[in-house]
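S.K.: First to last, the sequence lines map onto chains Z and G.
Numbering-wise, our numbering puts 42 at position 42 of the first sequence, and it's gapless, one number per residue.
Numbering-wise, our numbering puts 250 at position 250 of the second sequence, and it's gapless, one number per residue.
No lab work stands behind these hints: they were computed from the structure.
Wrong hints could be hidden among the right ones.
Said to hold, decoys possible - Okay, the calculated bits of chain Z under chain G, using three or more residues with CB under 8 Å as the criterion:
id, stretch
1, 112–126
2, 173–186
3, 245–259
Yeah, the Cβ is synthetic: ideal placement off N, Cα and C, and Gly gets one too.
2 protein chains.
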Amino acid sequence: MAKNTDEYIQCAEALFERFANDPNVRVTVGPHAPYTVDDDALIKVRDLAHKHNARIHMHVDETQTEIEGSLKQYGVRPLQRLQNLGLLDERFISVHTVCADDAELELLARARASVVHCPCSNLKLASGFSPVAKMMALGINVSMGTDGVASNDKVDLLGETRLAAMLGKVVCQDTTQMKVADMLYAATMGGAKALGWDDRIGSLEKGKDADLIAVDLGNIDALPVFDPASQLLYSAGREDISHVWVNGKIVVKKQQQEGLRPLSRENAQKITKTWQNRI
Amino acid sequence: MAKNTDEYIQCAEALFERFANDPNVRVTVGPHAPYTVDDDALIKVRDLAHKHNARIHMHVDETQTEIEGSLKQYGVRPLQRLQNLGLLDERFISVHTVCADDAELELLARARASVVHCPCSNLKLASGFSPVAKMMALGINVSMGTDGVASNDKVDLLGETRLAAMLGKVVCQDTTQMKVADMLYAATMGGAKALGWDDRIGSLEKGKDADLIAVDLGNIDALPVFDPASQLLYSAGREDISHVWVNGKIVVKKQQQEGLRPLSRENAQKITKTWQNRI
Numbered sequence: 001m002a003k004n005t006d007e008y009i010q011c012a013e014a015l016f017e018r019f020a021n022d023p024n025v026r027v028t029v030g031p032h033a034p035y036t037v038d039d040d041a042l043i044k045v046r047d048l049a050h051k052h053n054a055r056i057h058m059h060v061d062e063t064q065t066e067i068e069g070s071l072k073q074y075g076v077r078p079l080q081r082l083q084n085l086g087l088l089d090e091r092f093i094s095v096h097t098v099c100a101d102d103a104e105l106e107l108l109a110r111a112r113a114s115v116v117h118c119p120c121s122n123l124k125l126a127s128g129f130s131p132v133a134k135m136m137a138l139g140i141n142v143s144m145g146t147d148g149v150a151s152n153d154k155v156d157l158l159g160e161t162r163l164a165a166m167l168g169k170v171v172c173q174d175t176t177q178m179k180v181a182d183m184l185y186a187a188t189m190g191g192a193k194a195l196g197w198d199d200r201i202g203s204l205e206k207g208k209d210a211d212l213i214a215v216d217l218g219n220i221d222a223l224p225v226f227d228p229a230s231q232l233l234y235s236a237g238r239e240d241i242s243h244v245w246v247n248g249k250i251v252v253k254k255q256q257q258e259g260l261r262p263l264s265r266e267n268a269q270k271i272t273k274t275w276q277n278r279i
Numbered sequence: 001m002a003k004n005t006d007e008y009i010q011c012a013e014a015l016f017e018r019f020a021n022d023p024n025v026r027v028t029v030g031p032h033a034p035y036t037v038d039d040d041a042l043i044k045v046r047d048l049a050h051k052h053n054a055r056i057h058m059h060v061d062e063t064q065t066e067i068e069g070s071l072k073q074y075g076v077r078p079l080q081r082l083q084n085l086g087l088l089d090e091r092f093i094s095v096h097t098v099c100a101d102d103a104e105l106e107l108l109a110r111a112r113a114s115v116v117h118c119p120c121s122n123l124k125l126a127s128g129f130s131p132v133a134k135m136m137a138l139g140i141n142v143s144m145g146t147d148g149v150a151s152n153d154k155v156d157l158l159g160e161t162r163l164a165a166m167l168g169k170v171v172c173q174d175t176t177q178m179k180v181a182d183m184l185y186a187a188t189m190g191g192a193k194a195l196g197w198d199d200r201i202g203s204l205e206k207g208k209d210a211d212l213i214a215v216d217l218g219n220i221d222a223l224p225v226f227d228p229a230s231q232l233l234y235s236a237g238r239e240d241i242s243h244v245w246v247n248g249k250i251v252v253k254k255q256q257q258e259g260l261r262p263l264s265r266e267n268a269q270k271i272t273k274t275w276q277n278r279i
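Could you build all of it, start to finish, from the sequences and the hints given here?
M.R.: This is the structure:
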């Protein structure tokens with residue numbers, strides 16, 4: 001555990017060095033949130049990220065309390081502060097962003113930054129309702145996130161995307177918003193763009209990595225299927241994912257892990273039970 | 001199809017007669033909604049229901065448009081109108097009730113009426129966010145509903161209850177509200193009470209009908225289980241229901257239908273596919 005900002009930066013530098021020549025790892029810096037990281041540290045983090053052309057991943061505008069704290073301590077809202085410190089550009093990943101006002105959304109749009117939308121977490125923590133339709137209308141790149149198990153019990157990206165589509169309709173009071181194609185884009189290319197990996201993953205294109213999932217829409221709970229895309233968004237869940245390929249290689253087949261270290265569901269259950277009572 | 005209110009009432013009378021001696025059927029009258037049924041018809045429906053001591057099931061306060069229409073046409077909000085017409089008592093089932101204001105919630109509480117909360121439908125139709133925590137605090141009996149497939153693609157009562165718990169926290173801005181026990185109560189006894197069947201179903205008690213489901217919390221996506229009730233609410237879905245008993249008799253065993261007319265999942269899939277393209 002690092003003792004101060006400089007030690008954290010040194011640890012990060014070591015990581016950048018370690019993965020400099022690994023084509024499958026790109027290091028991202030993650031200052032937690034505006035209310036836990038001071039200006040000096042943010043400037044160091046910014047310089048580090050820019051030096052390595054790395055993404056900055058930060059929880060921003062998650063709650064109204066955070067906004068009020070920022071106005072009191074810094075005289076500006078969190079995204080204005082980050083803009084003033086030079087953090088906002090196309091490499092900035094703004095997680096949550098539930099309570100952003102119109103001026104802040106403009107800042108994100110102009111910076112061509114990305115937002116990671118985690119609706120389940122925002123609900124369970126009573127953070128609020130994200131203005132996602134507004135973000136999309138402004139051209140902000142919206143991607144889908146689950147957040148961690150502390151605020152999301154299912155960690156189901158398909159379920160998260162469905163929830164985002166449904167919540168978004170109420171927030172903007174328009175059932176025609178949050179279109180199926182836009183939501184599936186957010187769950188795939190939106191994420192790839194946010195990470196800066198859209199040259200490699202996020203869509204089915206010649207030359208890309210072939211990271212794929214197959215979703216079984218033949219289950220009785222999905223039938224009949226009139227529009228596969230709509231069915232995928234509104235009916236499917238993680239339990240319907242049958243196959244997974246990473247870079248063209250199959251790693252999950254009929255819901256069982258394949259490859260070098262095969263792990264059956266039964267074995268995974270056993271391991272979980274062993275560890276359950278050791279926490 | 002009946003031509004006018006009197007014909008509808010005659011059809012209903014015939015139904016009451018038909019099931020008068022069937023212990024497993026209790027007829028409920030269902031005038032659709034305040035904006036589609038006029039005062040004269042509502043009075044006839046009320047008299048019919050009271051004559052047979054039957055429930056009245058009605059979509060009320062689903063959207064802001066409905067409220068505005070009622071104020072314009074009748075000079076009062078929908079629940080005040082129903083109160084004036086003598087429909088509100090412990091036999092009244094108010095479905096949706098998304099846009100009820102404090103005075104209307106008071107009316108429901110004083111009448112000891114029930115609310116059927118259908119959060120998924122309220123989201124997909126952009127109806128709004130129901131003030132469920134307020135209802136529960138006032139002692140209104142809240143039950144869970146899925147609404148139909150036109151506005152709910154999963155029809156998953158467990159998923160619906162989870163969504164209600166999470167949405168409710170944001171609406172009342174308090175993560176400690178929508179307690180696990182209250183939500184599971186709404187999904188079981190809440191429904192039984194709304195229907196007036198709580199003497200027979202809704203809880204595990206000696207002398208009741210033993211309508212039961214078994215939910216498999218041993219799946220890898222539910223493990224580890226620290227608090228079964230919390231896990232049931234926040235992690236389980238319809239896909240985890242393994243067994244179903246009706247009045248003590250098993251009808252679904254390991255997700256396959258049992259009994260007089262067994263229907264395997266495979267057979268159900270086949271039937272669905274046959275009908276898919278005939279609609």
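S.K.: For each hint, tell me whether it holds in the structure or not.
M.R.: Hints, verified against the model:
1. Coverage of a stretch by a chain is defined here by at least three residues with a beta carbon nearer than 8 Å to that chain's beta carbons; for the stretch 112–126 of chain Z and chain G the count is 6, and the condition holds.
2. Using a Cβ-Cβ cut-off of 8 Å, 3 residues of the stretch 173–186 of chain Z lie near chain G, which meets the minimum of three, so the contact claim holds.
3. Under the rule that three or more residues need a Cβ within less than 8 Å of chain G, the assignment of the stretch 245–259 of chain Z is violated, with 0 such residues.
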